[in-house]
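Trainee: Just so you know, the sequences run in chain order A and B.
Take 1 as the starting number for the first sequence in this note's numbering and just add one per residue.
Take 1001 as the starting number for the second sequence in this note's numbering and just add one per residue.
Check the hints yourself; a few may be wrong.
Some chain B residues close to chain A (C-beta under 7 Å, calculated; not the full set) [unchecked claim]: (1) Asp1020; (2) Thr1033; (3) Glu1083; (4) Ala1103; (5) Asn1109; (6) Asn1112; (7) Asn1163.
Distance windows between CB atoms, simulated [said to hold, decoys possible]: (8) Thr306(A) <-> Glu1153(B): 35 to 43 Å; (9) Trp255(A) <-> Ser1164(B): 39 to 47 Å; (10) Lys1126(B) <-> Glu394(A): 52 to 60 Å.
Worth flagging that the hints you see were computed from the coordinates, not collected in a lab.
For every residue, glycine included, the Cβ atom is placed at its ideal position computed from N, Cα and C.
In case you want the letters, here they are:
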Amino acid sequence: MGKTLFEKVWNRHVVSEVDGGQEIVYIDRHFIHEVTSPQAFDGIRNRGIGLFRKDRIVATADHNVPTKDQHLPIKDFLSKHQVDTLTRNCEEFGIDLYGLGHPFQGIVHVIGPELGITKPGMTIVCGDSHTSTHGAFGTIAFGIGTSQVEQVMATQCLLLQRPKTMRITIDGTLQKGVFSKDLILYIISKLGTAGGTRYFVEYAGSAIRSLSMEARMTICNMSIEMGARGGMIAPDETTFDYIKGRKHAPKGEQWEKAVEYWSSLFSDEDAVFDAEFNFDAGEIEPMITYGTNPGMGIGITQKVPTSSQVASPESLKKSLEYMGLNEGETLIGKSIDHVFIGSCTNSRIEDLRIVAEFVKGKKKAENVTAMIVPGSKQVEEQARKEGLHQILEEAGFELREPGCSACLGMNDDKIPKGEYCVSTSNRNFEGRQGPGARTMLVSPLTAAVIAVEGKISDARNFVGVEVPA
Amino acid sequence: MEKFGILESTVVPIKVKDIDTDQIIPARFLKATSREGFGENLFRDWRFDEQGNPKPDFVLNSARYSGSILVADENFGCGSSREHAAWALVDYGFRAVVSSYFADIFKGNALNNGLLPVQVSPEFLKEIFKHTEENPQQYLLINLPDQTISISETEFSEQFEINSYKKMCMLNGYDDIDFLLSKKADIEAFEKQHIEF
Ligand code: SF4
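Here chain A stands alone, though its shape is the one from the complex:
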């Protein structure tokens, strides 16, 4: 029997099997950041052991950093303490740190691929659930808790139960104005927030193959939102082209060897998955969420469901109450207060280009504040080089410095209570963007259109597609 992509990569990393069916799995790269690492470093110190393989660890400061005046000391005492603690720990243990002020600083899941650290066939972990992003390269990548961060620091290994495998095949072509973000929001709305629990997902099909690497990262990024341990996509020419020439990419003869190996990373035709789903890309509209988990999404022209249409009327009621929305309501035309473009889901250069292309020569609506937070210093640099910052500023968008920002509101970038924020991030949980904040998840183009219109609008109508109202 053939093997799945997941099995090929996993099997190469199994050190041994232990009682109860758990396996000791070797981890090639370990990303750390300021929020989930301090307790792990303490653990290592308390045990009186050192780091097992410090060269396999890469650190950045992202969750807690301000997105304004990054050259000044951080004002919030606790945030400053956490970021300083990371710096001290990295110095003490000899870890590469792309901290504040470094030209490569940024959101951990943006800088890994950007620097060519993320490569096909690797195992990658980080104390952050959106580590699944790196799966876009045919990498087994997943989020872990702080105890596991400590395990990897101590032994470069994790003790794991092998997850089940799922393949989601998406064939067909996305409509104009519809993006990979819409695609993944659509899939999550179909499978639910627990539909992928215990599984590692492979995304396949012609719609996936035709996507750029950045668009693929958006898909894998949100795998965790349906409960999956991670998502992955078989590497191909698009992947190799993306990696080639990056800082940590293999060079010369090494490159040839790497591509040869990477080219073997696909699911064999006779490989068997524990679960399979199929979707048609052509059926997908621009998506938007109406509720308080990422599974509560609808096509933008659809109506908010009624209690008789959902499995859990209680959850629907609770979340609509929080969101200030009604059952059966149409969202189009609804006034919005904030637009946030950023997070590890959609803050890469392509996302900024999509936004800039649309807002060029236009102005954001009066009632909206619009903030764009690039995923990394390199993205910010590139945007400046291309003159995007000017276009965005002229349109009334505020271009900030890199970090997680309003994705989780650990810094000052919070959405005020009761206000609506259309966001390109990945979570619309209660209070995620600040206590009482009401988040609606969308694609970057939809966010840009809404910023200009001031109200919820169908992006397709603005890119030359006639959508009957």
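Put chain B with the ligand on the given structure of chain A with help from the hints.
Mentor: Quick look at chain B with the ligand alone, frame taken from chain A:
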């Protein structure tokens, strides 16, 4: 890590599905660099209003319910991987969480902190909610060695699953690091033949 054997306690029921870790401990409380003190902010925004006053309708503020077992509806612990969620529950005083479904990362984090996640059938979960609503003094009995959970002094009892290695760890208060450290020679041998591109 504290050892876990047999636990008998009244319960705190939260009849909400898909409780994500942002609710268990909101991000703005993740700025600490130690593991202690997170219990204060457990379920912060459900538990307190903006002024920090307890919201009377939330179960942790109700005089009716107390105990070291939290019972929650399906898909508990989804969302962020923050282990702070498990630390907050343990710090508050919970020793076990019962639900009909757990998110993966949360489950692992709980087990690594001596907090036992007990997955029961949806029917059994309903019974627990029913019994505890009728009688908040109702005890639950969780027997890890036998892998059973029962509603005390009723006929309701169920087996639950736990990985045998994890069970051994919980019973003895061991953690994975001790175990992995004992395998260092194997790991070094693995590295010798492991090619990475
Ligand atoms: S941008 Fe948001 S989701 Fe991504 S790593 Fe930062 S906090 Fe997590």
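Trainee: Next step is simple, just say for each hint if it's right about the structure.
Mentor: Evaluated hints:
| no. | hint | verdict |
| --- | --- | --- |
| 1 | Asp1020 | 5 Å, holds |
| 2 | Thr1033 | 4 Å, holds |
| 3 | Glu1083 | 4 Å, holds |
| 4 | Ala1103 | 6 Å, holds |
| 5 | Asn1109 | 4 Å, holds |
| 6 | Asn1112 | 4 Å, holds |
| 7 | Asn1163 | 5 Å, holds |
| 8 | Thr306(A) <-> Glu1153(B): 35 to 43 Å | 42 Å, holds |
| 9 | Trp255(A) <-> Ser1164(B): 39 to 47 Å | 45 Å, holds |
| 10 | Lys1126(B) <-> Glu394(A): 52 to 60 Å | 58 Å, holds |
Of the numbered hints stated above, none is contradicted by the structure.
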